[in-house]
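Chemist: Chain by chain, the residues run as shown.
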Amino acid sequence: MSDAIQLGGIDYVILVVYFLFVLGIGWTLKRYTKTSEDFFLSGRSIPAWIAGLAFLSANLGAQEMIGMAASGAKYGIATSHFYWVGAIPAMVFVGVFMMPFYYGSRARSVPEYLKLRFDEKTRAFNAISFATMTVFSSGISMYALAKLFKLLLGWNFNFSLWVSAIIVLAYIYLGGLTSAIYNEVLQFFLIVLGFTPLVYLGLRDVGGWDGLVARLDTVATANNFAPGAWSDSWVHLHSPAANPMGVEWFGMVMGLGFVLSFGYWCTDFLVVQRAMAANSMAAARRTPLIAAVPKMLFPFLIIVPGMIAIGLTYAQGDFTLPRMADGSWDYTMVIPQMLGHYFPPGLLGLGLTALMASFMSGMAGNVTAFNTVWTYDIYQSYIRKDASDPHLLWVGRMTTIFGILASVGTAYLATRFNNIMDFLQLVFAFVNAPLFATFLLGMFWKRATGHGAFFGLVSGTVAAAIHHGLTLPNGAPVGIKGGWLAATPWHSYSSEMAQNFWTAIWAWTVCFAATIVISYLTRQRKSDADLKGLVYALTPRPKEEHLPWWKTPEGIGAMVLALVVALNVAFW
Amino acid sequence: MGLDIRTPIGLMFALIGALLVAYGLGTAGSAMYARSLGLNVNLVWGAVLLVFGGTMLYLGRRGAGKA
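From first to last, the protein sequence lines stand for chains A and B.
Residue numbers for the first sequence follow our numbering, so the first one is -11 and each next one is one higher.
Residue numbers for the second sequence follow our numbering, so the first one is 2 and each next one is one higher.
Just so you know, not all the hints are guaranteed correct.
To be verified - Estimated spans, in silico, between C-beta atoms of each pair:
| # | chain 1 | residue 1 | chain 2 | residue 2 | range |
| --- | --- | --- | --- | --- | --- |
| 1 | B | GLY27 | A | VAL415 | 47 to 57 Å |
| 2 | B | MET33 | A | VAL415 | 45 to 55 Å |
| 3 | B | MET33 | A | THR206 | 53 to 63 Å |
| 4 | A | PHE416 | B | GLY39 | 40 to 50 Å |
| 5 | B | TYR59 | A | ASP314 | 52 to 62 Å |
| 6 | B | SER31 | A | VAL415 | 23 to 33 Å |
| 7 | A | SER227 | B | GLY27 | 55 to 65 Å |
| 8 | B | ALA48 | A | ALA525 | 50 to 60 Å |
Please keep in mind that the hints were generated in silico from the structure rather than gathered at the bench.
Note that this is a predicted model, so its numbers are computed, not measured.
All C-beta atoms, glycine included, are put in the ideal place defined by N, C-alpha and C.
Given the sequences, and given the hints that come with them, work out the whole structure.
Modeler: Structure, rendered in structure tokens:
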């Protein structure tokens, strides 16, 4: 980084306008937040389009914006697999098949669904690991924001950290989930409208899509790949050695597309909470489907700038990515560096505000999911079972304060012990990888028992750890990257990403098999009546017969899938 | 819910759009637009935000009228 970007007065004005609106929304919503259900579930009153945009925006945190742009530079258009193979099919699945159980069961959270379907210990396992994870994710988001603004604008680290924390705290404290959701919609538009000019200017600069492809061919050949390795999404997936991701198509489709993406979009309460807040079953089922449409186009907004940045860097013009201490490109600087390069004062304020908005929506998503799980699944379940509703509302507000303070603490921890963060993220990955197997069996196989689910999850988590301990990405040191269980690793992967995908595949498979075996060995304690509304075979299908097919969730889902197939083919 | 979210979204983008348009007019021809390939992006994009903000405000008001 040569020097910090200089902001003009106009840029600060835009940032302050945004802050005032965010706080104003929270302030206005305060008087509508009277019960705990208002605070944690928006009183189940959110229309489909708002829930849909919030569903999308809650995921648009720092890791997503900075990370996907970085991957665009590092791996090219193949990064789109995270969207066009990963997210979209999973979002269609959760809308069409899973939402009837989530919404129909009236569960107030994902762990609560697990309690209704399985048993108390399965809920506790999920609630505790999820609550811990959200605090750490939100802390890491804050840390990334403060570090970036220090590097980019020369702002004081503590200042950025506390200002963002206090603003998020204020608007959630006042208006609860509704406030977070409304702000996520605002943040969604800000992110789209803030980054669109960047894509336009960047593409214009490199001579359109064809010009970009030509530059990326140079990048590919300079890295000893076939031309097109950065601009074709599928052609080079026949072998891990042929593409910069180091993955082959089977590991990618199964690991990323099936296990990881379905695990995230279908079971992570952070996003599912937005759909649970919808005002009807019909709206809840449409929430992920509505989100899928803009999500499909996000690669153009987030990945393409990364591709432009790497193309420009290799062309050795006036734009270059900074290097890290070890000499490799610092891909995480793609978005900030591009904003500084193309945006004059004025638009620069809008771009930085959009970046700030993405960090804040990611943080708020974690905090609202945390306060709900803590209050309903831990406090009300184990600490005070007879708590009154006003008391729960109070606990929710206090938990918001506690959650934010804990996140700030985590952010400071990250400044001092970076490897602790890596370690924790690894542990969370182990815990999350098998989850989708549990949900799939829980929702579609009524014989699955509580013991089966719990011990299946535990075995899946252990399997993930063992697989990680026995394998190593090529050239990586033994330790946090793997290989810690054997004197010589049993298998070497060509990249860390390939190892991650296969860890997920192993965890899922072991959990799936173990849940089935243990379920057959244990007695089903839940009667069919208990499982009504929780399992596919025992739940009446939500009927929307008065609608033409293309307005039903199945019809919308089919159209979304057709579009995503077309996108895959177009960028094959 | 008592607040139609389109109204604050509309207000915010209309306000930021107006600020950018005014700033773009004030800085027309400035050397700083070399960065954005010679385009006065503040003026153009400010106008886009203004139209977007206005549309959201209109939709928000119409929605409120119905309720």
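Chemist: Determine which of the earlier numbered hints do not hold for this structure and return their numbers in increasing order.
Modeler: When the structure is compared with the hints, numbers 3, 6 turn out to be violated.
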